[in-house]
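Undergrad: Sequence:
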Amino acid sequence: MATGAQVLVSALEQAGVRVVFGLPGVHNLPAWEALRVSSIRLVGVRHEQAAAYAADGWARATGEVGVALVTTGPGAANTLGATGEAWASRSPVLVIATDIPRSLKRRGVVGGALHEATDQAAMFAPVTKATHRGAGAIAAALADALTAPTRPVFLEIPTDELSAEVEPPAPAEPPAPRPVDVSAALELLAERWRAVVWAGGGAQHAGREVATLAERLGAPIFTTYTSRGLVGHHPLAVGLPPHLPAAGALWEQADVVIAVGSDLDGMSTMNWRLPRPQKLLAINVDARDATKNYMADVVVEGDARQALQAIAMSLPDAGASPWADLARVREDALAPLRAEHPDELQFLES
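Heads up: the sequence shown begins at 1220 in our numbering, then just goes up one per residue.
These are computed hints drawn from the structure, not numbers from a lab. No experiment lies behind these values; they were computed from the predicted model shown. Just so it is clear, CB atoms sit at the ideal spot from N, CA and C, and this is done for glycine as well. Among these hints, one or two may not hold up.
Label pairs and their in silico Cβ distance ranges [claimed, not checked]:
| no. | residue 1 | residue 2 | range |
| --- | --- | --- | --- |
| 1 | S1402 | R1495 | 35 to 45 Å |
| 2 | A1341 | R1427 | 49 to 59 Å |
| 3 | R1492 | P1555 | 49 to 59 Å |
| 4 | D1562 | P1464 | 43 to 53 Å |
| 5 | Q1233 | R1492 | 43 to 53 Å |
| 6 | G1235 | R1397 | 47 to 57 Å |
| 7 | E1252 | A1539 | 54 to 64 Å |
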């Protein structure tokens, strides 16, 4: 058997983690040593908050779990603001912090050990999906961090447990969509000719699949603030927020909106002033999240990539011609801005 630090690092490697952001401290040095001899890139920061923000950014940019490794007490507390941001954005972030040795821990008593906190995990409860304690909880923490619906997870490990022997964790698998839901989605799409794809943060790892579905439907693609860059400069990418009238008209003209990994939040929908689409197909790992703001006609609950692949493979390979003139839409949307801010637009478009 391996030590807690070795099992932790091995589990991160098996989960596909390529980088860990952190700040070393006397309590977490065994984990740093295990990382030093691993395949994982270790990026040091000068403040724990930066480690959590970097982990959040990595998760958003790659779709992978972002990992922050910090030390006990004040080090852990310094990550709270960034962890709260990751919570609001539904980022798969794992914050790992040490705690004082078990031999120094007394229930209900703060004895004054180095960096001792009254209840470290309780600080994280409001801004995490789950909190775990102990080297033996590594498997559960990784599973929670990687299992949809994703949000931050906190794991604290007493520093002495980093040197203790523990069992290795089992990998987590993303949830597959039900065939009956995929069939319902295909039935809905068969009767629609003006589809719009609305991709949110939950589609971050499925850019290619979003583009493929849009191509087969000839559907314009909206990306929200948390999915910017998902499809790059794809010809079907609207590239504009829906609050611009010319872009918002696409939503109103669509006979079906396909919301992928999005809860259609207030910021993206102008505080829900966008009318309910004629038909709404929601693809989301959490059916409750998918329908809390706009009631969907069909919900495909499961991993976005798998769901999109299952739907697209049943559509004609040749694809459909775009039903909207996106070049005209972009020009109509930008013309007023270009007239009002010519220098700024020239700079942005150069």
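Undergrad: Kindly indicate which numbered hints from before are broken by the structure, ordering the numbers from low to high.
TA: 1, 2, 3, 4, 6
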